[in-house]
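Start from the sequences and build out the full structure, keeping to the hints where you can.
There are 2 protein chains.
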Amino acid sequence: MNKSELFNQIKKKESFLCVGLDTDIKKIPTHLLSEEDPIFSFNKAIIDATHDLCIAYKPNTAFYESNGVEGWKSLEKTINYIKDNYPDLFVIADAKRGDIGNTSKMYARTFFESLRADAVTVAPYMGEDSVTPFLGYANKWVILLALTSNKGSDDFQRILDASEKRPLFETVMTTAQKWADDEQLMYVVGATQGEAFRRIREIAPTHFLLVPGVGAQGGSLQEVCTYGMTNQCGLIVNSSRGIIYADQTRDFALASRKAAMKLQKQMALELLKRVD
Amino acid sequence: MNKSELFNQIKKKESFLCVGLDTDIKKIPTHLLSEEDPIFSFNKAIIDATHDLCIAYKPNTAFYESNGVEGWKSLEKTINYIKDNYPDLFVIADAKRGDIGNTSKMYARTFFESLRADAVTVAPYMGEDSVTPFLGYANKWVILLALTSNKGSDDFQRILDASEKRPLFETVMTTAQKWADDEQLMYVVGATQGEAFRRIREIAPTHFLLVPGVGAQGGSLQEVCTYGMTNQCGLIVNSSRGIIYADQTRDFALASRKAAMKLQKQMALELLKRVD
Chain A
1 MNKSELFNQI KKKESFLCVG LDTDIKKIPT HLLSEEDPIF SFNKAIIDAT
51 HDLCIAYKPN TAFYESNGVE GWKSLEKTIN YIKDNYPDLF VIADAKRGDI
101 GNTSKMYART FFESLRADAV TVAPYMGEDS VTPFLGYANK WVILLALTSN
151 KGSDDFQRIL DASEKRPLFE TVMTTAQKWA DDEQLMYVVG ATQGEAFRRI
201 REIAPTHFLL VPGVGAQGGS LQEVCTYGMT NQCGLIVNSS RGIIYADQTR
251 DFALASRKAA MKLQKQMALE LLKRVD
Chain B
1 MNKSELFNQI KKKESFLCVG LDTDIKKIPT HLLSEEDPIF SFNKAIIDAT
51 HDLCIAYKPN TAFYESNGVE GWKSLEKTIN YIKDNYPDLF VIADAKRGDI
101 GNTSKMYART FFESLRADAV TVAPYMGEDS VTPFLGYANK WVILLALTSN
151 KGSDDFQRIL DASEKRPLFE TVMTTAQKWA DDEQLMYVVG ATQGEAFRRI
201 REIAPTHFLL VPGVGAQGGS LQEVCTYGMT NQCGLIVNSS RGIIYADQTR
251 DFALASRKAA MKLQKQMALE LLKRVD
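Respectively, the protein sequence lines represent chains A and B.
Residue numbers for the first sequence, in the working numbering: 1 to 276.
Residue numbers for the second sequence, in the working numbering: 1 to 276.
Simulated from the structure, these hints should not be mistaken for lab results.
As the structure is a computational prediction, the values presented were derived from the model and not from experiment.
Check each hint, because a few of them may be wrong.
Since the list gives no way to pick one copy over another, a pair counts as held whenever it fits inside one copy or between any two copies.
[Claimed, not checked] Simulated pairs of lysine to any residue, SDA-like, Cα-Cα distance not exceeding 20 Å:
| id | residue 1 | residue 2 |
| --- | --- | --- |
| 1 | K73 | R109 |
| 2 | K83 | D37 |
| 3 | K151 | E270 |
| 4 | K105 | N231 |
| 5 | K178 | D154 |
| 6 | K105 | V69 |
| 7 | K27 | L254 |
| 8 | K3 | Q177 |
| 9 | K12 | L271 |
What follows is the structure, encoded as structure tokens:
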């Protein structure tokens, strides 16, 4: 999916919501545990209940890997289910990978060939040859960690670069623009980073940002839109726990729909204010 | 396995060799392709041929994930085979993971509970709460990326920190020492980094270093030992392609043994010179 197709989906659905499929076997409703693949059954129900309200799904690989071989099956089935039934939905493999060139090439093969993801999150620490192997696929995206939503983002991401007089995350963002343009590169910026979005839009005025941290982590949707939205939206805002664990009874899917709808309605309003 | 047990293995085997199991289905001898699980069959043959010459194995998850569900099975079987047959061998899951606390906890569960790894490589970009969840397991290790072996290590790892007047990788190393001591924390330092080992030993005089990049990537074992070896060794030197793809005929396992033995003999000599 390219940038203008993504923007068209956003306009059509009046939503820039991504639903994070951080599915933990210990947190899903107990009646699902008798199913053959409880994780997949849970995801399927969430997807069927929310697909018209969001433009993307983001399974985080950690939650699947922790169940070993069975978990990897659930991940594969989940992505296939989305792509087979709702082909306009954008699938982000939240994997935070990155290794030497030879090895990153294998990860790219994993997420873009073996799995049918549209985008993968990538960690920048190992530099250019750890990122560029993911860029060799048409209409597939790298979403590079820039300024993350967690407390630990203060430890290294804001270190001041002595020669450039800017924090590390700005150097990461600027350097990566030599490797790809805004048709293949997005950045992760946490919703908890508030006013930092203003500076980020100076560095990346047209790039899409993937924004986690609304909801359980405490970020404000309105603040993100005030400082981060462009006239082509430029935002994919993720909510995981706030949507998928909205309720843990047999009505969990309906509850997830309500939680997603609440965010979608706020998003529709923000789009009306700021997007042509 | 704790630090003194690891050192004892090194003395006993006169080796600090780690064999990197970066097993690519496209590079293994063709006669194995008719086996039920060619990747596992290949690994098993390599392990049986080298286990007395090395102290560790390091499967890189990228190579397994790229084969999907089947690949994850091969990874699980490989680690189980090592642990069931050669329990003194140290197993490093080269995964380069790191995510927000809640998610890193799932990765820790993957590698230390679902899989039986002794150590996992972790990327530092997301800071403290992305690393500490891996530290909650007795005798299990975090191996943190510090100064990697690839060309891209120049892009961010050597950026000068304005307030501390030191490169980023030194800040990463120093900061991480607040989270764990040398009984749970090692660092990745590429063999290609040569003299940088001198500075690294000032920052981390007693920590083990995992050193990739000897062989195919061009690093020198002798240089690594000159600048990086402590009187308790303090080094785990990895070779992947140079050992496992030493030969692609039916004699591949014997060839891998010869390649491993060549390194082991050089290592025995270095240990004799430098370790009590």
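For a quick check of understanding: which of the numbered hints are violated here, in increasing order?
Result: hints 3 and 4 break, sorted rising.
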